[in-house]
Amino acid sequence: MSLDLRLPMGLMFTLTGTILTAFGLATRRNEVLYAKSVGIDINLWWGAVLLVFGITMLVLGRRGQMRSQREEEQGSATPASKDRSPGTPAGVRDQGSEEGKRPGVH
Amino acid sequence: MQLTSVDWLIMLLYFFFVLGIGFALKRFMKTSKDFFQAGRALPAWICGLAFISANLGAQEVIGMGASGAKYGLETAHFYGIGAIPAMIFVGIFMMPFYYGSKARSVPEFLRLRFDEKTRALNACSFAVMTVFSSGISMYAMARLIQALHVFDALFNSLGWSKDWIFTFAILLSAVIVLLYIFLGGLTSAIYNEVLQFFLIVAGFFPLVLLGLKNIGGWSGLKAAVPAAYMHEWRGVLHAGTNPMGVDIIGLGMGLGFVLGAGYWCTDFLVIQTAMASQNMEAARRVPLIAAVPKMVFPFLVIVPGLIAIALPTPHTTEFVHTENGTIYHEINVVPQQVEEGHGLIPAKVDPLTGKVMLDASGHPILDYDLATPNMLLHYFPTGILGLGLTALLASFMSGMAGNVTAFNTVFTYDLYQSYIHKGASDKHYLAVGRWATVGGILLSIGAAYAAINFNNIMDTLQLVFSFVNAPLFATFLLGMFWKRTTGHGAFAGLIAGTAAAMLHHGLTLPLEAHPGIHGGWIAVLHHYPSDMAQNFYGAIVAFSANFIVAVVVSLFTKPRPDEELVGLVRSLTKMPSHAHLKWWKRPEALAVAILLAAIAINIFFA
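The listed protein sequences correspond, in order, to chains L and C. Following the working numbering, the numbering of the first sequence begins with 360 at its first residue and continues without gaps. Following the working numbering, the numbering of the second sequence begins with 1284 at its first residue and continues without gaps.
These aren't lab readings, by the way, just hints derived from the structure by calculation. None of the values given here were measured: they were computed from a predicted structure. Just so you know, even glycine gets a beta-carbon here, dropped at the ideal spot from N, CA and C. Please note that the accuracy of each hint is not assured.
Distance condition first, Cα-Cα at most 27 Å in a straight line; then the derived BS3-like pairs of lysine-lysine [stated by the list, open to error]:
{"hint": "1", "chain 1": "C", "residue 1": "1496", "chain 2": "L", "residue 2": "395"}
{"hint": "2", "chain 1": "L", "residue 1": "395", "chain 2": "C", "residue 2": "1353"}
{"hint": "3", "chain 1": "C", "residue 1": "1631", "chain 2": "L", "residue 2": "395"}
{"hint": "4", "chain 1": "C", "residue 1": "1309", "chain 2": "C", "residue 2": "1385"}
{"hint": "5", "chain 1": "C", "residue 1": "1505", "chain 2": "L", "residue 2": "395"}
Examples of chain L residues toward chain C, derived with CB under 7 Å [what the hints assert, rightly or not]:
{"hint": "6", "residue": "362"}
{"hint": "7", "residue": "364"}
{"hint": "8", "residue": "374"}
{"hint": "9", "residue": "379"}
{"hint": "10", "residue": "382"}
{"hint": "11", "residue": "384"}
{"hint": "12", "residue": "396"}
{"hint": "13", "residue": "397"}
{"hint": "14", "residue": "401"}
{"hint": "15", "residue": "402"}
{"hint": "16", "residue": "405"}
Partial pick of chain L residues on the chain C-facing surface, computed with a CB cut under 10 Å [as the list claims (entries may be wrong)]:
{"hint": "17", "residue": "368"}
{"hint": "18", "residue": "371"}
{"hint": "19", "residue": "372"}
{"hint": "20", "residue": "375"}
{"hint": "21", "residue": "378"}
{"hint": "22", "residue": "383"}
{"hint": "23", "residue": "399"}
{"hint": "24", "residue": "404"}
{"hint": "25", "residue": "406"}
{"hint": "26", "residue": "409"}
{"hint": "27", "residue": "412"}
{"hint": "28", "residue": "414"}
{"hint": "29", "residue": "417"}
{"hint": "30", "residue": "418"}
With the rest of the complex left out, here is chain C (with noise of 0.2 Å):
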């Protein structure tokens, strides 16, 4: 690819913007609680961009255009019924408790609620997935530099090798966010989240409508593509008919309830933004100003991927013609690569023999993931395309910085200050906070210099912490809305289902797949018809289990007494009134607008 000076103008404005923002903010970081919680003084807007902006990482915008690519409209699933709901609920209904029991992180509120083990637990899996996630998406930017050569002539000219490219990005990012967070906390991880939001829209609309002018508008994009990919819900009843192979089922409890419920109500990286607003009625409405973008979302990230697939695929050409009595032959060769490839998206190759890697069936496994980044090279040219590149670097930062804001709060409140140091000064747990934040991206940059060597290690340790995820709603649901919930009962829970969920993975394994990594490493009882139908299954076993078991313990153990309950359950708080407002104004009436919306743009693309 090839970058000019326009292009790198762009990527150097946004890096010094986002260092300006840290360092504007750094004398308003007098205590912890500016630096951890902003000073709980953010308007809804910025917190509401904020959260979904820190959901908004590498998985995110290449994920998404990958699956688009891979599975079509059905896609946009994953914010129809993994993220809309949840999100509504997480705002009417749970942040009352989160905002109003003043906790200052997610474990914190565990322990207001319940006991201490049960805000290690949390704490301490926590700590370790957000810092291994920050180190994913570090390693996953990049990768994607490497596999752009965005900086190969940078390094050329410069006379330096290109191994130390992978590195060098790894450094560049977590230089720009270690500094940007040092300096100013949560607030400048929130102010830098909106503005990477932002980023992305301009980075990616008009790739999206240069893509569908390409291809002849909405109709012509029906056209090139399989008939099932346009269609959200067709054929979503039985696993057979839909590209993803789920059913109705597993999608609506397993990704609906509990996956989405699971990250969108329980994961500090996103409850985050939302307890740094400035009042209870800012804090509700901040997840609810969050699925707004949400519901577009869709159409920025997904249909890249359509448009990906649904292109041609090069092929090398030949043209000949004669000019003046010469024969000329234009040959235009394309790499076998490419040409096995389909649309814009390329086949993968194996790096150790050369070849094109091809499936059970024999045909060639395609790099989904390369789906977006082509798109932006295909369609933009010098300048946009340095706009686009730096989004696509913007998503992967806030992606990271979400990560290190939770990792250095919940260290600093809940493993430090709660286990390490009690009783020390707001100021040395300042200074703490500001250290873990250094630390924290040393073991990101630890976990993504892993995932080079140890691909398959990475890939283990995700599939634990999803093992770890999928129960926690359960622990939440039964914590804020039955008072009876006991300490002991949530935390049996929330082994038992981590341990239902090992064993569910144990136990079953997809279709044309191996023991191993796909699970059935125990025995195979029960074959599903892909991945994500196993996934979202196990989702629910997981959450099932929890309940039950916390349900059954907490029966047959000692609750704490009402007074000490009031303002974390449900039955013992007042809710929040907001009838001083005009209706409209209420959080509760944007919550109604919002499922209207996403139903009617479900509807419409049924």
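So here's chain L without its partners, still in its complex pose (with noise of 0.2 Å):
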């Protein structure tokens, strides 16, 4: 199995993002809070953002991990050299069809 870090990552920021967003609303219109950051709800608008890049991060992610255990399932010979694929650690595959593997020989 591999980790795709856009899942860890994902999950954190929609995490994150959330609390901010949370924390936002219940403090919405708090002028002596917001004071600092010119008036802006800051938390909630960053919130709101870093809730979106994490649940974009997420899809991606699980689409990623689809793509390579349907990749694996197939007991496909192509190497994991697409530069689209997800970090795949070494436990799963290591021949690495690197190209210009042997120097100089072409």
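Fit chain to chain and form the complex, with the hints in mind.
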């Protein structure tokens, strides 16, 4: 099994975004608190941005995870050499068809 | 500073994920290749972001903010000239050799290309320097935590003495980094570096937005600082006409060519992330991918410094008003060090006398390092403040982790396997690598504590390291592009370059400095307008000395036969061809695009 970085990262940003958005909603219009941030409800807005980012990462990560699972199941001979594939630690594939692997012999 | 539970929650969440990633990766760490080289299986975008994140340590985030406050936008030169060309060069021209040679580290590449003694020299000096850098990161982070009073309230409520905050901060960072690298090796370090990258953007982008909004946008910022601060290239032809006191030759050759390339093209700390890629094409793109955020980062880390100095300096104010016949005097007292500072940047206070420190002309010396942290405290309410602080801590930790993984690889492969115990099983080296991680962290802690008591020694050591680093690039250039370079030549060149750097430092002095740590400890033959100018020209001297000596000695010594150098030298290696890819997917296309973008940005902010 491989670990696509976008999954834990997406999860972390989703959680952080949720916390900030929730806190932002709870303290909305609190002028004393937001006097520092030029009157903008920064927790709310930035929390929302992070939430969107986190969810995007999760979606991309899931898609990448499913694609690599499909590739594995097909027992595909194509080595993990596409740039779009998720971070695959060598536990799964070790041949690595690195181009230029044999120096000078092309 | 008042941190509420929301702030702590965000911080704890980050620590949890960072350790969690380490634990999750543990089961993939079966061989030493997995542990030290991430199995050479990571995609380009991850390695690319880790490449730049490894560099984004304490020095970058805090230092660039400080430089932005001190010198203005000219600091962006560090990125433009110091990094981008070097990153393009290493990706397009040097990666085929680093990656293609299958070397497991930069010193190992030197062994393959030259000989054992060149490797030994590089491995030893690098191991010491990288552990030292890690210690400095730890020290800087602990100092900052102390200065910002992050843990004060926590310690008060727990009834612990505040004197332990420094130790606590050091141990906290050490244990976290140790755990996730011990478990997940380079992969864990790289994954966490990417996480830290996004976190730093998440922490600093709103800061820049708020700051610019507060000060009236870009034009507002322009109006509030000296004109030279807003222009990267103005007055750069002569040292006297720009804030940094350097001239175009010093800047171009010294910074761009030697120092920039010396770091980005040879430092295993960053090269390590590129060598973890899954194939040659990915490896070549890694530095290029990294160059993209590198171009944009100035706005994230330098602008806060600019805004900090542009804001009005707080003064003690008295506000008198009458209400119902009673006269009220509202006095807002501002501490002396803040009042005598500039903008958000306080003056430095002598810890012994409690008085503001003054420079030679009687002006208060400003504590520029506090520019960025004070910006965070100034604009962020609780909630996002937790995020900002976490971003700051993350930047320190990503620098440390890169150093520790570089150390454990160089120690295990280049020192242990080569000189102490050859031919052992892979499992053995994997175990050694883990223990080397522990050892590396312990040494870093030692360096961090030494920094408290021996501040001058630390400065001296950093100076010595700059002597060792300055000539490095010449060795690699000659090695990769001139097959006639021999091991003896390379070795002699490295020694000569370092010696030249030392001599240059001993014989020159920046204006207004006293002989000693700033130079001139042999005799003062020449004055430079600034510390930086001396630094840059020293780099040029070191590079040239290395180059000349290496060439001369190589011509007098016997080179290795061509067959042994295939794949290590340009003239004997077929460069990887990417003809099967569409033209816009090739690394070369990306390189050209980045170059054009960098030029465009420079023209815009000229």
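Comparing the hints with the structure gives:
Of the supplied pair hints, the one linking residue 1496 of chain C and residue 395 of chain L holds, its CA atoms being roughly 12 Å apart against a limit of 27 Å. Among the hinted pairs, residue 395 of chain L with residue 1353 of chain C is consistent with the structure: their alpha-carbon atoms are about 25 Å apart, no more than 27 Å. Proximity of residue 1631 of chain C to residue 395 of chain L is assessed by CA-CA distance (about 25 Å); at most 27 Å being required, the pair is judged to hold. Taking the CA atoms of residue 1309 of chain C and residue 1385 of chain C, the gap is near 24 Å; set against the 27 Å cutoff, the hint holds.
A hinted pair counts as satisfied when its Cα atoms are at most 27 Å apart, and residue 1505 of chain C with residue 395 of chain L qualifies at roughly 22 Å. Annotation: interface hint on residue 362 of chain L holds; nearest CB of chain C at approximately 6 Å, less than 7 Å. Contact between residue 364 of chain L and chain C, as hinted, is supported at the beta carbon level, the nearest pair being about 5 Å apart and thus within 7 Å. Given the 7 Å rule on beta carbons, the hint for residue 374 of chain L holds: about 6 Å separates it from the nearest Cβ of chain C.
Among the interface hints, the one on residue 379 of chain L holds; its C-beta lies about 6 Å from the nearest C-beta in chain C, closer than the 7 Å criterion. Taken as an interface hint, residue 382 of chain L checks out: its beta carbon lies about 5 Å from the nearest beta carbon of chain C, inside 7 Å. Taking 7 Å as the C-beta contact cut-off toward chain C, the hint placing residue 384 of chain L at the interface is violated, the least distance being around 11 Å. Hint on residue 396 of chain L holds. Least Cβ distance to chain C is approximately 5 Å, under the 7 Å limit.
At about 5 Å, the closest approach between the beta carbon of residue 397 of chain L and any beta carbon in chain C falls short of 7 Å, and the interface hint on this residue holds. The interface hint given for residue 401 of chain L holds, since its Cβ lies 5 Å from the closest Cβ of chain C, which is under the 7 Å cut-off. Against a cut-off of 7 Å between C-beta atoms, the interface hint on residue 402 of chain L holds, since the closest Cβ of chain C lies about 4 Å away. Taking 7 Å as the C-beta cut-off, the interface hint given for residue 405 of chain L holds, the closest approach to chain C being about 5 Å.
The closest approach between the C-beta of residue 368 of chain L and any C-beta of chain C is roughly 5 Å, which is under the 10 Å cut-off, so the hint is satisfied. With a least beta-carbon distance of about 4 Å to chain C, the hint placing residue 371 of chain L at the interface is held under the 10 Å criterion. Restraint check, residue 372 of chain L versus chain C: the minimum CB separation of about 7 Å is within 10 Å; hint holds. Because the beta carbon of residue 375 of chain L sits about 6 Å from the nearest beta carbon in chain C, less than 10 Å, this interface hint is met.
Taking 10 Å as the C-beta cut-off, the interface hint given for residue 378 of chain L holds, the closest approach to chain C being about 6 Å. With 10 Å as the threshold, the beta carbon of residue 383 of chain L comes within range of chain C, its nearest partner Cβ sitting at about 7 Å, so the hint holds. Interface restraint check for residue 399 of chain L: the shortest CB-CB distance to chain C comes to about 7 Å, inside 10 Å, so the restraint holds. Because the smallest distance between the Cβ of residue 404 of chain L and any Cβ of chain C comes to about 8 Å, under 10 Å, the interface hint for this residue holds.
For residue 406 of chain L, the interface hint holds, the least distance from its beta-carbon to any beta-carbon of chain C being 8 Å, beneath 10 Å. The beta carbon of residue 409 of chain L is positioned within 10 Å of a beta carbon in chain C (closest approach about 6 Å), and the interface hint is therefore held. For the restraint placing residue 412 of chain L at the interface with chain C, the shortest Cβ-Cβ distance is roughly 8 Å, inside the 10 Å limit, so the hint holds. Checking residue 414 of chain L against chain C by beta carbon gives a least distance of about 14 Å; that is not within 10 Å, so the hint is violated.
Restraint check, residue 417 of chain L versus chain C: the minimum CB separation of about 13 Å is more than 10 Å; hint violated. Taking 10 Å as the C-beta cut-off, the interface hint given for residue 418 of chain L is violated, the closest approach to chain C being about 16 Å.
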